[in-house]
Amino acid sequence: MTREKKVTITIDNRKVEAKANMTILQAARENDIDIPSLCALEHLPSYGACRLCVVEVDGIRGFPTSCTTPVEDGMVIRTDTAEVRTLRQEVLKLLLSEHPASCLFCEEQTDCKNFQGTIRKVGVTTGCRYCPNDDMCELQEITKKVGLTETSYPVYYRNFPVEKEDPFYDRDYNLCLLCGRCVRVCNDIRLNGTLSFKQRGKLTTIGPAFGRTHLEAGCEFCGACVAVCPTGALSAKTSKWAGKPDEIVESTCPYCPVGCTLDLKVKGGEVVDVSADYDSPTEHGLICVKGRFAIPEYVLSPDRLAQPTILKPEGHDLLPWEGALDEAAAKLKAAGPKGSFIVVSPQLSNEDLFVAQRFAREVLGTEAILSPVMFDLGSDLRPFLDLAVLSESVDTIDTAAGILTIGLDTTYGFTPVGIAAKRAAKRGAVLVTVSADECNLDMLSEEAVQSDPARWPDFMEGVMKSMSGNGTRKKAASSFFKKGDRNVLVIGPDAIFSAKRGEIFESALTMRDSLGWKVIVCHPYTNLMGMLAMGAFPGLKPGGMRSDGALKLKDPAAVVDLKQKWKVGYFIGEVPSPQMPRCDYIIYENALPAPSGIDPDLVLPAALFTEAPGTTISCEGKILVFNKASAPFADSKPDWWIMSSIAERMKKGALKYASLAAIQSEIRKSIPGFSGKDRRVPRKKVAMEGKTAAARNPHGAGRVMTPFETFRGVALHDHVAGMKAIEERRRK
Amino acid sequence: MNKLAKKIDTAKGKWDKLKDNREPIVYVGAASCGRAAGALELKEAVKAFLDENKKSARVIEVGCIGPCYLEPLVDIKMPGQPRVSYNNVNAKTLQMILKSHFVNGEPHKKLALGHFGTDDLDGIPRFWGLPMLKPQVRIVLRNCGLIDPEEIDQYLAVDGYQGFMKALKSTPEDVIATVRQAGLRGRGGAGFPTFRKWTVCRESPGEQKYLICNADEGDPGAFMNRSLIESDPHAVLEGMLIAGYAIGASKGIVYIRAEYPLAIERLKRAIGQMREYGLLGKNILGSDFSFEIKIKEGAGAFVCGEETALIGSIEGKRGMPRSRPPFPAIAGLFGAPTIINNVETLGTLPNILRNGPEWYTRFGKEGNRGTKTFSLVGKIRRPGLIEVQLGTTLREIIFDIGGGVQKPFKAIQTGGPSGGCLSEEFLDLTVDYESLASAGSIMGSGGLIVMDEDTCIVDLAKYFLDFTQKESCGKCVPCRVGTKHILEILQKITNGEGTPDDLLALRTLGDTIKKGALCGLGQTAPNPVLTTLRYFRNEYLEHIKDHRCRATVCKPLIEYRVIKEKCTGCQSCVRVCPTGAITGPRSEPHNLDPSKCIKCRSCYEVCRYEAIAGDAIVIRTAESKS
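Going down the list, the protein sequences come from chains A and B. Residue 721 in our numbering sits at position 721 of the first sequence, and the numbers go up by one each step. Residue 434 in our numbering sits at position 434 of the second sequence, and the numbers go up by one each step.
No lab work stands behind these hints, which were simulated from the structure alone. Glycine included, C-beta positions come from ideal geometry on N, C-alpha and C. Keep in mind that the hints are not guaranteed to be accurate.
To be verified - Covered stretches of chain B, going by a simulated chain A footprint (3 or more residues, C-beta under 8 angstroms): (1) 261 to 271; (2) 313 to 326; (3) 535 to 542.
Said to hold, decoys possible - Straight-line alpha carbon distances no greater than 30 angstroms define the calculated DSSO-like cross-link-like pairs of lysine-lysine that follow: (4) K564(B) x K426(A); (5) K317(B) x K198(A); (6) K237(A) x K202(A).
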């Protein structure tokens with residue numbers, strides 16, 4: 001590793017060392033010299049628009065901006081001369097003349113803030129106290145730093161209407177300073193390009209081109225712009241008036257297997273907002289709309305199940321936990337072994353899954369540990385698991401020479417994958433996209449192939465033929481990939497839920513195993529790896545992933561007779577759906593009610609991932625943590641506690657867990673890699689015994705259209721307002 | 001080389017035939033200025049005349065020869081006779097001229113402007129000896145108005161591409177040394193020594209380098225570059241080849257504003273002709289030098305005349321300047337070393353290379369070598385495009401070439417929206433980069449606007465700030481917000497609502513913007529205000545304290561009235577008044593009702609008896625402000 005070249009510079013008469021490619025601003029900040037700036041931000045390309053960071057440099061004419069000027073050996077810099085200070089103040093005065101800022105200069109501001117004693121002297125549109133960013137505003141900070149106490153320029157209120165029509169975040173461009181951070185993050189970091197500057201002169205503003213709404217312009221609603229905005233111009237709807245958070249809790253997103261790091265903002269004991277972590281190694285902070293905006297409304301939905309209920313002929317009756325647990329135990333005992341099945345959500349934590357499989361095997365005496373994965377994939381389960389378990393890490397794309405995406409649009413999900421692909425294409429990799437309609441990767445693709453999903457297997461055949469030398473038409477996109485190059489195949493949800501997915505999966509396996517392709521599978525089953533690692537699968541014991549050689553799975557249909565008459569179905573974090581087996585008695589353990597039409601007999605309220613800590617395993621095999629950010633809602637309980645309590649009543653001493661730590665210590669014993677520095681689970685090739693054309697699920701061969709975004713079986717758009725618009729666009 | 005040499009021979013032959021023409025030639029000045037004056041209709045009329053009278057003649061469209069106030073210019077060259085030029089030709093005089101030459105066999109002495117021969121022609125003066133042309137030194141404009149801009153052969157015949165061929169025979173370093181010796185400074189406005197930028201680019205690492213011709217010419221009213229491209233596109237293109245060769249670029253781009261359709265058309269045609277003649281493409285004329293030229297049209301942004309914004313525009317981005325370093329010569333278009341030269345700078349190069357640098361140093365003065373084109377406009381008797389040596393005084397330009405002003409001279413504005421207004425005391429200032437800068441103005445791209453007492457200096461400053469504020473890209477705070485405040489203050493002052501504090505505010509704002517702005521547009525935007533404050537402070541104070549606009553331009557400060565003693569009751573004003581504010585029977589002094597007056601000045605302008613006065617009558621006193 002080469003050592004970074006260092007240079008010596010003099011800042012304000014101090015000689016300091018700095019890395020050769022730093023800017024003056026960075027070098028100053030590293031040495032505790034704080035030069036005020038507004039438009040500069042770590043991770044964003046430098047811009048030089050606000051002119052607040054100006055300094056004097058010997059040998060450079062005028063007042064260069066420190067955020068754009070790289071240091072050079074021997075440079076002499078002065079950051080705080082009288083002239084520089086005057087210039088900064090004048091620039092700030094000009095800035096404030098376009099921004100409602102009366103509160104900054106009002107004599108009564110302290111009293112007003114503390115006691116609100118003065119009846120509103122200024123209109124809503126003219127003061128900080130009425131701004132969503134009050135107390136969290138960079139402009140307020142800078143005014144203090146620069147020491148501005150008055151201004152003589154007339155304030156010009158631009159009179160933009162507040163933009164509220166798009167989902168998730170509001171835009172009040174009257175507060176916009178045109179620092180350009182949002183434009184830069186959208187274009188240069190997210191590679192999306194929804195935002196740009198419009199008009200010029202005093203009419204300059206920011207937004208999508210041609211007067212389109214953000215939805216129409218292809219905004220991913222990733223909220224990166226909201227996060228970087230220094231003022232209250234961009235604000236998330238749910239947390240707009242919440243004020244400064246009380247604490248920030250780092251956790252993991254539960255909505256998909258990528259497992260992005262999330263910073264949960266807690267106020268008043270509730271999670272009100274979420275932000276990304278740009279230093280996170282998997283996704284580098286490039287999270288999607290679900291993790292960014294669809295958590296608070298889900299967790300705080302007014303429909304949250306608060307107490308256990310039991311279905312009586314007259315309707316639902318509230319039940320204390322004691323009674324509910326007794327009822328559950330009684331019903332399950334009466335059903336006997338082979339009389340009940342459990343359904344686990346692939347979005348449960350490792351600990352919940354571990355306890356669930358123990359519950360099924362040791363307490364119920366059954367291998368009927370079912371999950372939507374089985375029903376969704378049906379007879380295509382084996383190839384799917386083979387591909388998913390060995391799915392490559394996202395950064396594989398960073399060094400790819402060729403990338404082929406099938407059925408993938410990353411606007412509203414799997415954004416780290418999509419952005420990595422865009423970055424690779426910009427770098428020169430060949431990107432070919434195959435989808436039914438336009439997808440968001442088209443613009444940077446070498447060729448965007450739009451065809452019916454039924455034809456996708458043919459395309460893949462074409463690629464394989466071309467790479468094996470049985471030439472296809474030279475100009476066809478399928479011939480763009482060369483053997484020997486690092487080629488990455490990304491299988492998206494639209495492919496996973498298409499009718500001919502079996503052929504797609506088989507081709508993918510051939511490409512992987514015979515032609516050296518790296519495969520990434522983008523599926524919605526957050527903790528699929530956890531399910532397999534914990535053994536929450538028929539015929540698979542925990543630690544099955546430790547065996548040398550292939551991960552041997554049994555065909556579920558061979559292990560469990562799904563056609564039998566079931567007495568009790570115990571749904572843990574999942575919603576009973578038409579594909580799942582019928583039963584006489586439904587025990588429903590979840591956080592939100594089942595959709596109408598389904599009336600569970602016993603309802604047990606579960607706590608969610610922000611209320612009950614745990615771990616999950618990402619598609620890359622990393623073990624990630626859910627940290628507790630708030631107390632369980634009302635009387636809800638963690639899933640593992642519920643199962644443990646029922647078990648206690650059915651078999652004395654079984655599954656007795658005092659705490660999460662107890663579960664984790666037991667898991668560590670059974671599964672290698674669950675502890676250890678790497679925090680990764682070893683992944684093996686998947687083989688499945690049983691007939692290759694496994695018996696079909698009697699309820700149908702799985703969904704053929706990409707399902708709605710759900711969490712624990714419940715559709716996000718039923719509880720998160722903005723997701724309705726998102727789902728509409730996904731299905732256009 | 002041989003193929004081209006043959007073509008040159010043929011071209012020279014054709015040119016000689018033009019000079020010793022057997023057939024009459026009618027030249028019509030049909031650049032944009034000519035066309036605006038009606039040249040194309042005249043051209044059709046010429047053709048019609050020839051048809052009707054069964055005469056044959058070649059009709060050639062030429063470019064702009066300079067004195068735009070004389071357009072449309074039609075020149076007739078009869079066999080054995082020198083070319084005779086006629087000015088301000090209209091349908092009637094055209095017939096007279098054509099008849100005179102084609103039927104009577106002689107020039108129309110009364111209507112003739114001048115002739116292009118060497119000897120005297122019966123009382124008709126020599127064209128180049130005319131007072132507005134004599135002091136000029138036409139290097140860049142040497143072919144304008146004389147050749148057909150759509151004929152590469154005519155360009156070749158007048159030694160076109162000789163400069164380039166000489167350059168090819170020497171090394172790029174030699175070419176740079178030549179330009180250094182000649183002392184050429186960038187003609188786009190900054191006046192940076194051309195050879196220095198080229199050297200940095202030449203020495204910057206990188207396989208691919210670019211040469212960009214900046215033909216955006218955004219200054220309102222400036223048309224030097226447009227005229228040159230319309231009238232002699234190959235001069236600019238040859239300059240591009242020379243520059244490209246010197247810096248090691250293989251791709252050239254002409255960034256030309258979309259508002260110049262005729263220039264674009266001529267450029268496209270010329271580039272096509274270059275390719276036919278082997279002057280573009282790989283291994284030009286058998287050398288190692290390969291070059292391609294593309295045209296990129298602008299889209300209506302003044303700021304895209306700024307280097308880095310121009311580069312951004314070509315890259316497909318929004319035209320916003322970026323900070324430097326890195327400088328374009330090191331990392332410019334698509335990150336590659338790039339040189340951006342102005343149209344005129346490039347148009348000068350062929351002459352320097354062809355005639356040698358010592359020849360060029362004969363013109364101008366130490367540190368300011370050579371000539372510069374200017375668009376001399378405004379309240380001047382003889383507006384048009386001129387070219388003079390650097391070091392010429394303003395007085396010479398305005399009074400000798402320009403013919404002076406009719407009403408008393410007030411000021412001259414140089415450098416467009418980035419420049420400043422100079423008062424009468426500066427008439428003996430020499431036109432060169434340093435002198436103008438020391439007076440607070442700049443040379444700029446060459447706009448010279450002459451003003452007389454009818455121009456309100458505050459209104460003029462307001463006009464320029466209105467322009468800069470509208471054109472500001474919006475990126476940096478000082479320019480975007482600062483120019484808006486300056487404009488608002490100027491609007492206040494011209495509305496009669498100014499206060500003495502405003503003058504201090506203007507100075508502070510001007511200072512902040514100059515120091516804080518990111519690019520040249522912002523840094524020079526306050527110049528019109530700062531210079532007018534410096535040299536015409538009294539006029540500002542009059543607006544503020546006396547509520548008076550001495551030029552009678554600022555409407556809120558003037559009220560029109562009839563001077564009864566002078567009014568003869570001729571009713572001319574009554575007829576033109578759009579609101580019926582003036583009433584009165586014939587032969588009796590008229591009445592002007594101020595409440596109906598919209599101050600359109602029609603009466604003022606039509607009155608032959610100077611009986612309408614515009615006075616700054618106090619209409620809003622300090623007390624009456626509500």
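Each hint tested on the structure:
1. 261 to 271: violated (count 0)
2. 313 to 326: holds (count 5)
3. 535 to 542: violated (count 0)
4. K564(B) x K426(A): violated (78 angstroms)
5. K317(B) x K198(A): holds (12 angstroms)
6. K237(A) x K202(A): holds (28 angstroms)
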